[in-house]
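Engineer: Here is how the chains run, residue by residue.
Protein chains: 2
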Amino acid sequence: MTTGVRRRMGVEERRQQLIGVALELFSRRSPDEVSIDEIASAAGISRPLVYHYFPGKLSLYEAALKRASDDLASRFVEPHEGPLGARLLRVMSRFFDFVDEHGPGFSALMRGGPAVGSSTTNALIDSVRQAAYVQILSHLRVEDPPARLELVVRSWISLAESTALIWLDGRRIPRAELEVQLVHDFAALAAVSAAYDEELTALLRRLLKDEPAEGPFSDLVSRLIALAS
Amino acid sequence: MTTGVRRRMGVEERRQQLIGVALELFSRRSPDEVSIDEIASAAGISRPLVYHYFPGKLSLYEAALKRASDDLASRFVEPHEGPLGARLLRVMSRFFDFVDEHGPGFSALMRGGPAVGSSTTNALIDSVRQAAYVQILSHLRVEDPPARLELVVRSWISLAESTALIWLDGRRIPRAELEVQLVHDFAALAAVSAAYDEELTALLRRLLKDEPAEGPFSDLVSRLIALAS
Chain A
1 MTTGVRRRMG VEERRQQLIG VALELFSRRS PDEVSIDEIA SAAGISRPLV YHYFPGKLSL
61 YEAALKRASD DLASRFVEPH EGPLGARLLR VMSRFFDFVD EHGPGFSALM RGGPAVGSST
121 TNALIDSVRQ AAYVQILSHL RVEDPPARLE LVVRSWISLA ESTALIWLDG RRIPRAELEV
181 QLVHDFAALA AVSAAYDEEL TALLRRLLKD EPAEGPFSDL VSRLIALAS
Chain B
1001 MTTGVRRRMG VEERRQQLIG VALELFSRRS PDEVSIDEIA SAAGISRPLV YHYFPGKLSL
1061 YEAALKRASD DLASRFVEPH EGPLGARLLR VMSRFFDFVD EHGPGFSALM RGGPAVGSST
1121 TNALIDSVRQ AAYVQILSHL RVEDPPARLE LVVRSWISLA ESTALIWLDG RRIPRAELEV
1181 QLVHDFAALA AVSAAYDEEL TALLRRLLKD EPAEGPFSDL VSRLIALAS
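So the protein lines, in turn, are chains A and B.
If you use this note's numbering, the first sequence closes out at 229, no skipped numbers anywhere.
If you use this note's numbering, the second sequence closes out at 1229, no skipped numbers anywhere.
Hints are computed from structural coordinates only; laboratory data are not their basis.
Just so it is clear, CB atoms sit at the ideal spot from N, CA and C, and this is done for glycine as well.
A hint or two may mislead.
Just the calculated beta-carbon pair ranges, DEER-fashion [unchecked claim]: (1) A1176/B <-> D100/A: 23 to 33 Å; (2) S1107/B <-> R141/A: 24 to 34 Å; (3) R171/A <-> E1177/B: 28 to 38 Å; (4) D100/A <-> D1126/B: 15 to 25 Å; (5) D100/A <-> D1037/B: 45 to 55 Å; (6) S59/A <-> V1077/B: 22 to 32 Å; (7) G1044/B <-> E101/A: 48 to 58 Å; (8) S1074/B <-> G82/A: 46 to 56 Å; (9) E1177/B <-> A123/A: 28 to 38 Å; (10) K209/A <-> A1176/B: 30 to 40 Å; (11) E1143/B <-> A213/A: 36 to 46 Å; (12) S1127/B <-> S127/A: 26 to 36 Å; (13) D169/A <-> E1143/B: 18 to 28 Å; (14) L49/A <-> I1036/B: 38 to 48 Å.
Start from the sequences and build out the full structure, keeping to the hints where you can.
Structural biologist: Written out as structure tokens, the structure reads:
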């Protein structure tokens, strides 16, 4: 059965290898610029053989994006232990790791573009947003969120996306600073919303009372007080 | 020259009429669901005549989107007079008017989708974001923004978009409340960023010193103090 030095891969193994190679290329450059020839060459196989496993570049792109989406969603999972601010900060650090690893591909995907705007890719983006939303609610210990809390969480998720995209465009602000800033932004957006809503106020008080004096939330409050003075 | 009761339109006049009819239809339902037949019928002309003016649905969609983009960008223009909070609140009110008028089309466009993800549509979306960004900087009287201020303004613009999209999905929060909330969010995001940056702190102090005691910014501060107590 062996026709050469290289071991023959099974169908699924070959598919997975191609997805990995493609994801690496789609991450480092805009997917528009990556050709099937290049993917074939990087995988060490012929162009027709790539087409044997994937009907075209879009289906390979979607498979790579599915793997990246699963990877990102898994980084949102955080033990339900310790202060909330510290938990969110750890997730932000893993989120920026992901963004860093997949920079050009992440930008191209999130900014939209001819090759990347299929309904499958949009559904994958939405599934990652939904995974983030579900994780945050579970940490807030809220099952049936009121409309204003849902708005705070979902709009903060979009703020995290746009902050990461702006960071990628020149990296002019240290990412560690942005990770803390996004934790603070969450508290600030929740506080703005809570200022008009008693249910949110009660929730925010419950969450903040367990925050340590040296945590990111307390740090924000003392800095804002200094700013206002 | 008159072949019927209806007056013959000139080419440019007919194009403009078709764009208006199409924009109306694309605004009220997802553009995917609007057919050329329907546009022809609403404009009172034959389907082949529509194709005489526009090669296909995408080009008519892009022309309608261009008109809507120009309309939205024009709503950002606000006289440079009076307190900043009140100016931003008036712009938010006009922004929600626009979102209200174009609801389903706005959602479909901003959430992406098969029919609406061309490079032309993405460029139009970016041009509206850039128009908002330029307007805000001009009101802040900043010509060459530091990276942290650029981040605050651009990420707040994306927050305004996502807030509007979430509002459209069920309209469970009164829009007037969200208009005020977005003004507050701007102040909160700027304050979070300023807590780590002296240049932004100085800018924020300069901006806030002209805010009236009964304006939206002062209102926020007193509500937040009440929340923290």
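Engineer: So, for every hint listed, does it hold in this structure?
Structural biologist: Each hint tested on the structure:
1. A1176/B <-> D100/A: 23 to 33 Å: For A1176/B and D100/A the Cβ distance comes to about 40 Å; the hint is violated.
2. S1107/B <-> R141/A: 24 to 34 Å: holds, 31 Å
3. R171/A <-> E1177/B: 28 to 38 Å: holds, 37 Å
4. D100/A <-> D1126/B: 15 to 25 Å: holds, 24 Å
5. D100/A <-> D1037/B: 45 to 55 Å: Cβ of D100/A to Cβ of D1037/B: about 49 Å, so the range 45 to 55 Å holds.
6. S59/A <-> V1077/B: 22 to 32 Å: violated, 45 Å
7. G1044/B <-> E101/A: 48 to 58 Å: Once the Cβ atoms are compared, 55 Å apart, the range 48 to 58 Å for E101/A and G1044/B holds.
8. S1074/B <-> G82/A: 46 to 56 Å: holds, 50 Å
9. E1177/B <-> A123/A: 28 to 38 Å: Given range 28 to 38 Å: holds, Cβ gap about 31 Å.
10. K209/A <-> A1176/B: 30 to 40 Å: For A1176/B against K209/A, whose Cβ atoms are near 32 Å apart, the range 30 to 40 Å holds.
11. E1143/B <-> A213/A: 36 to 46 Å: holds, 41 Å
12. S1127/B <-> S127/A: 26 to 36 Å: Distance hint for S1127/B, S127/A holds at roughly 30 Å.
13. D169/A <-> E1143/B: 18 to 28 Å: holds, 20 Å
14. L49/A <-> I1036/B: 38 to 48 Å: holds, 42 Å
Consistency note: the structure conflicts with the earlier hints numbered 1 and 6.
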